[in-house]
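Q: Read top to bottom, the protein sequences are chains R and F.
Here the first sequence stands for residues 198 to 569, where the numbers follow this note's numbering.
Here the second sequence stands for residues 318 to 602, where the numbers follow this note's numbering.
Read the hints as simulated data drawn from the structure, not as lab findings.
Source: prediction; values computed, not measured.
For every residue, glycine included, the Cβ atom is placed at its ideal position computed from N, Cα and C.
A couple of the hints might just be wrong.
Unchecked claim - To give a feel for the contact side, a few chain F residues facing chain R, derived at Cβ under 8 Å:
no.: 1; residue: MET332
no.: 2; residue: ASP379
no.: 3; residue: ARG535
As the list claims (entries may be wrong) - In the EDC-like style, the derived pairs of lysine to aspartate or glutamate whose C-alpha atoms are separated by at most 16 Å in a straight line are:
no.: 4; chain 1: R; residue 1: LYS351; chain 2: F; residue 2: ASP416
no.: 5; chain 1: F; residue 1: LYS391; chain 2: F; residue 2: ASP416
no.: 6; chain 1: R; residue 1: LYS351; chain 2: F; residue 2: GLU447
no.: 7; chain 1: R; residue 1: LYS347; chain 2: F; residue 2: ASP445
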Amino acid sequence: MITRQTSLSKNIVQFCRFLRQKGFGVTIEEETLSLQALQYIDYNDHEIFFQTLRATLCHSKSQLDEFDNLFHEYWKDLDKAVDAKTKEDPKPKTAFRQQASYKAISKWLHGNGNKETEETATYSIQETLLRKDFSTVPEDEVDELMQTIKSIAKRLAAKTNRRYEFSYKTDMPDLRKTLRKNLRRGGELLDIVHRRPKRNRIKLVLLCDVSRSMELYSAFLIQFMYAFQQVYRRMETFVFSTFLKRITSLLKQRNFQEAMQLLSKENNGWSGGTRIGESLNAFVNEYGKKLIDSKTIVIILSDGWDTGNIDLIKNNMEFIHAKSKKLIWLNPLAGFEDYKPHVSAMKAALPFIDVFASVHNVESLKKLGRWL
Amino acid sequence: MLHEQGYITDDSVAMSAFLSLQLNKPLLIEGPAGVGKTEIAKVMANALQTDLIRLQCYEGLDATHALYEWNYQKQLLHLKMVEHNQQAAEEKEKTIFGDSFLMKRPLLQAITHHKKPVLLIDEIDRSDEEFESFLLEVLSDWQITIPEIGTIKATHIPQVILTSNRTRELSEALRRRCLYLYIDYPDFEKEWMIVKNKVPGIDKKLAEQITGFMQQLRIIKLEKTPGIAETLDWAAALTALHVDHLDKNIIEQTLGVVLKDWRDTRQVQMSLSELMEKTGVKAKL
Chain R
198 MITRQTSLSK NIVQFCRFLR QKGFGVTIEE ETLSLQALQY IDYNDHEIFF
248 QTLRATLCHS KSQLDEFDNL FHEYWKDLDK AVDAKTKEDP KPKTAFRQQA
298 SYKAISKWLH GNGNKETEET ATYSIQETLL RKDFSTVPED EVDELMQTIK
348 SIAKRLAAKT NRRYEFSYKT DMPDLRKTLR KNLRRGGELL DIVHRRPKRN
398 RIKLVLLCDV SRSMELYSAF LIQFMYAFQQ VYRRMETFVF STFLKRITSL
448 LKQRNFQEAM QLLSKENNGW SGGTRIGESL NAFVNEYGKK LIDSKTIVII
498 LSDGWDTGNI DLIKNNMEFI HAKSKKLIWL NPLAGFEDYK PHVSAMKAAL
548 PFIDVFASVH NVESLKKLGR WL
Chain F
318 MLHEQGYITD DSVAMSAFLS LQLNKPLLIE GPAGVGKTEI AKVMANALQT
368 DLIRLQCYEG LDATHALYEW NYQKQLLHLK MVEHNQQAAE EKEKTIFGDS
418 FLMKRPLLQA ITHHKKPVLL IDEIDRSDEE FESFLLEVLS DWQITIPEIG
468 TIKATHIPQV ILTSNRTREL SEALRRRCLY LYIDYPDFEK EWMIVKNKVP
518 GIDKKLAEQI TGFMQQLRII KLEKTPGIAE TLDWAAALTA LHVDHLDKNI
568 IEQTLGVVLK DWRDTRQVQM SLSELMEKTG VKAKL
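Produce the entire structure from the sequences given, and follow the hints as far as they go.
A: Here you go:
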């Protein structure tokens with residue numbers, strides 16, 4: 198390890214500390230590396246110096262973007278400090294910290310994904326046959342959502358069976374097939390056939406509540422449904438409010454905007470009232486036997502505010518629970534700390550739910566993978 | 318150094334490449350498709366006058382395909398041949414696990430190469446996460462263990478370049494071992510330089526128009542945004558057709574070189590006049 202006791206290397210160390218303070222992860226290793234790199238460059242040239250640190254300290258795209266600002270912020274500050282012949286003022290540091298925490302908060306708010314935070318959740322009895330315009334739903338978060346769901350989907354697809362199937366990978370020979378194949382050459386084992394554990398392909402059924410009380414989360418819901426359907430092909434998506442509608446084919450559009458247009462065109466009972474029981478009943482009667490088997494995970498996304506028949510909920514939930522591999526109920530309200538499922542519909546459904554959890558933004562979605 | 322090989326670049330690329338050479342660190346390059354990530358490795362190998370060993374990653378790539386494999390058939394045939402020899406079993410065993418029965422895959426090749434090679438691990442994001450963590454071991458210790466032979470240490474530490482299209486996030490551990498470089502689509506000036514350099518005999522005016530058009534094209538939201546590779550293909554195609562300026566007809570006829578998705582083609586065709594106008598304005602400036 199090279200430690201040069203010049204003010205420059207001290208400065209770099211300090212700069213690394215500054216970076217860490219701003220939530221920019223720099224390991225000791227990278228710090229050392231940047232110091233080592235100094236040997237090879239002309240560090241009197243400001244531009245070269247900047248590029249060197251940039252190359253050694255960053256390791257992702259987002260960090261690169263962040264780095265430019267932080268670098269200028271720090272070195273400008275330092276120049277000022279030198280000019281004034283004073284040691285570094287603690288004041289700007291606290292200012293930075295405030296800024297950072299503010300940033301964190303705004304980021305968090307932004308990550309929530311809903312722009313209508315002022316609204317409160319309500320539910321309506323009448324069926325309002327509104328045609329909602331989805332063209333304003335932001336697309337920017339879809340990519341991030343898709344990334345997350347992709348990793349979940351990959352894990353889902355990786356669940357293994359006890360049986361085997363043919364494979365090109367070379368780690369597990371299939372003795373029986375190898376012998377048979379090579380019999381024609383007099384039993385000399387020249388070609389080896391390989392096998393791998395067969396994969397269980399899990400199917401998903403997503404039932405999404407789009408009634409008025411869920412409107413707060415509609416932007417997220419749409420992104421969620423779209424991203425999931427795009428990534429995971431063995432999946433059926435339904436929306437329900439007072440009635441049930443299958444929207445799988447709509448969401449299979451490759452273009453997000455096109456999908457949104459299609460979704461807006463058709464009346465899906467968006468922002469209507471809620472009749473969970475009736476909707477579930479319709480689902481079970483029409484699709485239940487076809488779609489649900491022991492390899493299917495059923496996900497219901499709803500807040501449980503309901504104006505319909507409670508018994509229907511109970512019966513149908515029981516049916517789905519018995520038939521499916523797993524029944525997951527995602528309730529956006531469950532994210533609040535003091536939430537208790539005291540809505541009657543929720544109470545009725547609870548005994549049949551395998552996983553009850555909250556999903557309302559990208560962050561909480563990351564946890565979903567664990568339950569699947 | 319990169320300039321000599323006809324690779325037009327900017328400071329950050331040059332600096333990262335330089336440092337990665339000096340510090341003997343792998344260089345991880347990310348960026349959209351077709352901006353010349355792979356090209357860096359080729360150019361580097363050329364500049365260092367050494368060999369380029371390439372490992373193309375794909376889903377399901379495993380250690381046997383990346384490291385080594387025993388030439389099983391050859392071993393069998395050899396055994397068959399020496400069946401009636403009076404050699405001891407141990408001796409036979411020794412011979413069939415020798416070097417001549419070992420099929421070297423890219424990673425082992427790179428490590429045992431007779432002089433420092435450039436190892437290109439292309440599209441690492443396509444491989445599984447297991448392979449990525451397996452790679453960590455090789456990249457940090459520069460050695461490979463083969464149970465039948467023992468540990469093989471690198472004769473020369475190869476210059477490693479990893480590229481990724483960001484289809485999935487790479488692990489922190491891998492990132493930490495590498496220098497990081499992000500290459501984006503080039504700006505007008507840079508792309509113009511590249512076109513002029515890479516397509517010999519191209520009309521100056523045409524190069525300008527092509528570049529301007531491509532720059533505008535990237536602003537529109539397309540399914541698959543064309544990279545520099547497409548620009549060059551297009552420039553070469555137009556030069557071959559002896560075209561010296563762009564017009565609507567020519568563009569429509571040769572759009573297939575640039576756009577690889579019918580939706581994009583349709584979209585661009587519809588807004589072609591508008592694009593032309595913008596390009597024209599740019600060309601005048």
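Q: Evaluate each hint against the coordinates.
A: Status of each hint after checking the structure:
Interface hint at MET332/F: satisfied, since its Cβ lies 4 Å from the closest Cβ of chain R, which is below the 8 Å cut-off. Residue-level restraint check for ASP379/F holds (minimum Cβ-Cβ distance to chain R is 6 Å; threshold 8 Å). The beta carbon of ARG535/F is not positioned within 8 Å of any beta carbon in chain R (closest approach about 17 Å), and the interface hint is therefore violated. A C-alpha spacing of about 38 Å is found between LYS351/R and ASP416/F, which places the hinted pair above 16 Å, so the restraint is violated.
Restraint check for LYS391/F and ASP416/F: the C-alpha separation of about 12 Å stays at or below 16 Å, so the hint holds. In summary, the hint linking LYS351/R to GLU447/F is supported, as the alpha carbons are separated by about 13 Å, within the 16 Å threshold. Taking the CA atoms of LYS347/R and ASP445/F, the gap is near 13 Å; set against the 16 Å cutoff, the hint holds.
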